[in-house]
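Protein chains: 2
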Amino acid sequence: MDLNQTLPQIDIPRDMIHLGIGQPSNHLLPIKELEKAAAHCLSKENSFFLAYGEDRGNANFRQTLAEFLTDRYPNRVDPEQLLITNGNSQALDFICTLFTNPGDTVLVEEPSYFLALRIFADRKLNLVSIPVDDNGLVTDVLIKKLETLKPSFLYTIPTYHNPASVTQSFKRRQELVEICAQKNLLVVADEVYHFLNYSDDPPPPMGNWINTCPLISLGSFSKILAPGLRLGWMHTNIDLIKKMAKSGLLDSGGGFNPFTSEIVNSVIRLGLLNTHIQRLKKIYAQRLKIFCHQLRIHLPKQAKFMIPKGGYFIWVKLPDNMDTQSLRKAAQKQNLDFNHGALFSHKKGLKNYIRLSFAFYDEDVLAESARRLGKVISENLS
Amino acid sequence: MDLNQTLPQIDIPRDMIHLGIGQPSNHLLPIKELEKAAAHCLSKENSFFLAYGEDRGNANFRQTLAEFLTDRYPNRVDPEQLLITNGNSQALDFICTLFTNPGDTVLVEEPSYFLALRIFADRKLNLVSIPVDDNGLVTDVLIKKLETLKPSFLYTIPTYHNPASVTQSFKRRQELVEICAQKNLLVVADEVYHFLNYSDDPPPPMGNWINTCPLISLGSFSKILAPGLRLGWMHTNIDLIKKMAKSGLLDSGGGFNPFTSEIVNSVIRLGLLNTHIQRLKKIYAQRLKIFCHQLRIHLPKQAKFMIPKGGYFIWVKLPDNMDTQSLRKAAQKQNLDFNHGALFSHKKGLKNYIRLSFAFYDEDVLAESARRLGKVISENLS
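Chains as they are written, first to last, in this note's numbering: chain A, 5 to 386; chain B, 5 to 386.
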């Protein structure tokens with residue numbers, strides 16, 4: 005059992021299994037693919053991607069990405085509908101600059117991605133939440149909220165939700181888009197796990213509806229290639245692209261990441277991204293199967309969870325009276341860590357939930373973590 | 005004479021000489037160096053730089069950069085005083101997020117870098133300017149302004165100013181730092197041209213005073229390596245670094261650019277950056293000599309300019325009654341373009357100035373541009 009993966013971002017004690025880590029195992033990082041791609045694109049004579057880039061991302065990379073997405077989406081994606089970003093965190097920050105002022109209301113889901121909540125808090129935004137059920141964001145509550153609120157945008161994670169792992173149904177997607185079209189409310193859809201399905205294909209991405217309501221679909225290479233690349237994209241309608249590309253930041257710096265874009269362009273053109281995603285899906289699907297099996301064996305029956313159909317996470321509900329922040333402290337003493345539910349709530353609710361990631365550890369470690377988790381939950385049931 | 009360089013960011017007509025382009029000639033972009041560096045770092049087993057990075061930039065790259073700066077600065081630079089950025093435009097945007105609210109006052113120089121002015125305008129900041137003379141920012145005016153204003157920060161370009169090409173004297177730097185220490189005013193010093201000197205070394209960078217007053221020195225690889233890398237750094241005191249690293253954006257995305265950082269780490273470790281800077285300095289110094297000589301020959305005596313000691317630009321003063329925006333239109337008809345002065349003034353002053361870049365074209369093109377410029381100015385003198 006190999007726990008000893010070092011990470012730049014977090015310092016993990018030697019014997020600790022940290023199920024909070026939402027990133028690929030070190031051995032799944034595609035260094036050989038990037039070596040090939042870098043050699044491919046840097047051996048050329050043409051060095052245009054070393055100059056200041058096009059504000060929305062260089063045309064050849066947007067073309068490659070549009071083809072990649074068109075092959076996988078139900079509708080054609082046009083290169084003019086894409087704006088290249090430094091990944092979804094930066095994209096969210098950029099959206100805040102363009103579409104909000106401090107004090108504005110932004111709608112988020114309950115639960116939502118905890119670091120997005122942090123980015124919004126840094127912007128001094130007023131967060132109001134809409135619950136998520138087994139079919140994703142509850143549109144009836146959204147309708148109700150919009151009777152009195154005028155939010156700057158709605159932030160949603162429609163597919164393989166982080167942390168709730170649910171996927172919004174096709175029907176709910178249509179409802180959401182209709183409501184937002186009627187109210188002219190901008191939807192920011194974080195679709196970072198869309199390509200990581202382990203059984204059926206998910207419903208169409210929200211990017212499908214960019215011409216129906218104001219909507220920006222955020223995609224990223226962090227989960228399907230490597231987080232350290234800091235490369236992602238916005239997929240939206242051409243008018244919104246033009247508006248964003250006119251910002252001072254893009255005009256001054258050129259596109260957000262022309263050099264890395266060109267290397268990833270070669271990754272895609274050489275067929276390496278497709279192979280890599282297939283490999284990831286196979287490995288994660290197997291991990292998920294083993295991990296869920298072990299959780300079913302070791303967790304007490306009061307712990308409830310659904311088997312996710314994709315993404316990185318399992319969202320476990322514990323009895324209402326359990327405070328998972330305290331549980332986490334008890335777990336740490338037994339060399340286990342995870343993310344507690346309140347992290348994912350802008351109002352510090354969800355105290356009886358925990359989020360478990362299966363992206364970072366191999367199956368044997370996940371099995372061991374299920375044993376440790378079962379033990380610590382059982383010991384802390386009142 | 006070879007004009008046919010294509011650029012992703014701007015579309016330049018075939019016979020146009022555009023002296024507004026503030027970036028290296030295509031043949032000065034170091035693709036071979038990056039090819040070597042990518043092969044060097046991607047052939048290793050260790051792929052930590054493909055994971056989410058340390059919030060302030062990965063430690064090994066900050067170590068390499070600290071050594072690089074220490075070799076060239078009068079005082080030692082500590083890796084803990086550095087935060088890696090996506091270049092100075094992104095750094096300015098990030099500083100706005102952390103230190104300003106819409107409506108806040110920010111002090112800028114008159115003239116100032118026009119795209120920084122755009123970034124501040126996007127943030128709805130209230131800009132107030134301090135004039136620049138032959139010794140840089142006029143500290144007496146700063147003192148006066150600070151009697152009534154409480155700005156969020158002061159943005160200054162101390163060395164080889166863009167566009168004014170002046171360098172702030174050592175005495176003025178000391179005065180500036182004393183004033184800002186007393187008033188607890190944050191100084192944001194854009195030092196992007198610091199290493200591009202063509203005669204004597206410049207005064208110490210403002211980074212020299214990071215422990216004397218609140219001060220962030222911005223550095224970048226855009227001018228000394230390649231703009232498309234979108235890589236730069238902040239050099240400031242450890243407390244400010246800690247404050248910035250705690251932002252939601254960095255916590256969520258990890259460091260701003262871990263992958264490119266690792267490639268540039270290899271560029272520096274292989275000694276390629278030093279050689280590249282020496283090459284750039286030699287070439288730019290020669291261009292500057294020829295260009296100034298030709299300008300002296302061809303411009304009418306009413307056009308005044310100083311020969312810059314470094315950087316990219318020549319700042320030409322024309323008679324007070326000349327409007328260089330109209331002059332620009334006349335120039336374009338003769339296949340010449342440049343940036344007009346009002347771009348560099350937040351209050352649309354400086355109408356009788358023009359900025360000429362000598363970074364993009366070879367000597368023969370610069371000589372031809374001097375002829376065209378002399379002709380168009382002479383024709384438009386009243």
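Take the hints with a grain of salt, since some may be wrong.
Identical chains blur together in the list; that is why a pair holds if it fits in one copy or across any two.
Said to hold, decoys possible - Okay, derived cross-link-like pairs now, DSSO-like style, lysine-lysine, Cα gap no bigger than 30 angstroms in a straight line:
| hint | residue 1 | residue 2 |
| --- | --- | --- |
| 1 | K355 | K247 |
| 2 | K351 | K246 |
| 3 | K247 | K352 |
| 4 | K352 | K379 |
| 5 | K48 | K285 |
| 6 | K246 | K128 |
| 7 | K355 | K250 |
| 8 | K154 | K351 |
| 9 | K285 | K337 |
| 10 | K351 | K36 |
| 11 | K40 | K308 |
| 12 | K48 | K36 |
| 13 | K352 | K286 |
| 14 | K128 | K154 |
| 15 | K175 | K149 |
| 16 | K333 | K247 |
| 17 | K250 | K128 |
| 18 | K250 | K351 |
Note that these hints are calculated values from the structure, not bench results.
Fill in: Numbers of unmet hints, in rising order
9, 10, 11 and 13
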